Structures are given as C-alpha cells and as structure tokens.
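Take -5 as the starting number for the sequence shown in the numbering used here and just add one per residue.
Everything labelled a hint here was simulated from the structure, so no lab data went into it.
All values reported here derive from a predicted model rather than from experimental measurement.
Every residue gets a Cβ at the ideal spot worked out from N, C-alpha and C, and that includes glycine.
Check the hints yourself; a few may be wrong.
[As the list claims (entries may be wrong)] Distance condition first, Cα-Cα at most 20 Å in a straight line; then the derived PhoX-like pairs of lysine-lysine:
#1 182 with 151
#2 55 with 65
#3 176 with 151
#4 64 with 52
[As the list claims (entries may be wrong)] If you anchor each label on the Cβ, the simulated ranges turn out as follows:
#5 83 with 177: 50 to 60 Å
#6 90 with 164: 53 to 63 Å
#7 41 with 65: 34 to 44 Å
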Amino acid sequence: MEDTNHTMESEKGNRLNSVLTYVSALLSVIALIVAFSGKSDSDKLQSIDEQQAALIEKLSKTDSKIEELKKRVDSQVNSIVDQVEKNLNKLSQTIAETSAQVAAHTESLQQMHKPHKAPSAAATTATPANGEVSNGSTPAAGAEGIHTIQAGDTFGKLSQRYGVSINAIQSANPNIDPRRLKIGQQVKIPAR
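Just need the whole structure built from these sequences, with the hints factored in.
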C-alpha cells in the first residue's frame, strides 16, 4: 500500500514536471512571437498573462483529476484487501474444521484397529452339551463339548487334545472350513 502511494506520488511529480516544462516552452515560444509582432508591451503582457492563467487553470484541473484517481485507487485497494482478509478468515476456519474432522476420523480408525485381547484360558476348555464344564482337555466320556478357537488351533490339534479323530470333528461341524478357523469361533467336539 505504501509502495502504491509512493509510486503514485512519484508519477504525480513526474507529470507535474512534464507539464511545467511544456508550459515553460510554450511561454518562451509565445514570448518570441510577441517580441516579433508589432504589438505594444502592455498588449503583449496581457496576452501572456491570459495564456498563463489558462495554463494554470488546466494544471489545477489536472491536479484535481489526479487526486480523484488516487482516491479511487485507494478505495479499490482497500476493498480488495478487505475481501482478501475475509476469504483468508473463511479459509482458515474451513481448514480448522477439516483438521478437526480428520483428527476425529483418525481417532475412530485407531479405536477400530486396536488389537483385541486373546480369550482367557477358561474359554479354551470344552463345555459338554449337557452344560457341565470339563476339568481339562477332554469332554466327559459319551458327552459332546464345545471348544472356543484360539490362535494356532487346528482340527488336528483339537483331535489330539480331545482324543477324537479329525473326521469326527469335521462331521460334527459340517459348516466350518478347517482351513479358515477364526479366533473366538465355537467348534463342537464330538463324544469319544
């Protein structure tokens, strides 16, 4: 803004110097013409005074126009600066809102991907179908049980643990793919 004012003042000074140079040259030419004409000195002076007054009036009008243009430019610059400030404030607010949303989404994603605790050891014991909990690794003789899958469990390991064949476990669980066991999944352990 200060550079614009300095530039406008510099241009104003340059224009004024140019105008004064032209006025001086014009007055010199007029003086020569008057000197060579046969008019009286008073007529010559009056003519020069009239011309000088006309030039001063034109300079005054030019100065007024320059001032008016300067005010218009200042007003436009101020308007543009105000608009830019408003837009920057809106942009700042939008960035803050977006940042808050991203933080909230990041937090919810982190909550979703937190590692789950492995089931306790009590969940790995087989529960007979009659509701009695067995004390260890095998269901009571003649009773069917339920086993909750833990990491590393396979039908082969369950077969060894409970003393039941792999085919018997597969037959008791026809809807379960032994290659796609999931932690926490319940598998029927058939009676021995």
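Comparing the hints with the structure gives:
no., hint, in the structure
1, 182 with 151, "holds (14 Å)"
2, 55 with 65, "holds (15 Å)"
3, 176 with 151, "holds (15 Å)"
4, 64 with 52, "holds (18 Å)"
5, 83 with 177: 50 to 60 Å, "holds (52 Å)"
6, 90 with 164: 53 to 63 Å, "holds (58 Å)"
7, 41 with 65: 34 to 44 Å, "holds (37 Å)"
In summary, the structure agrees with every hint in the numbered list given earlier.
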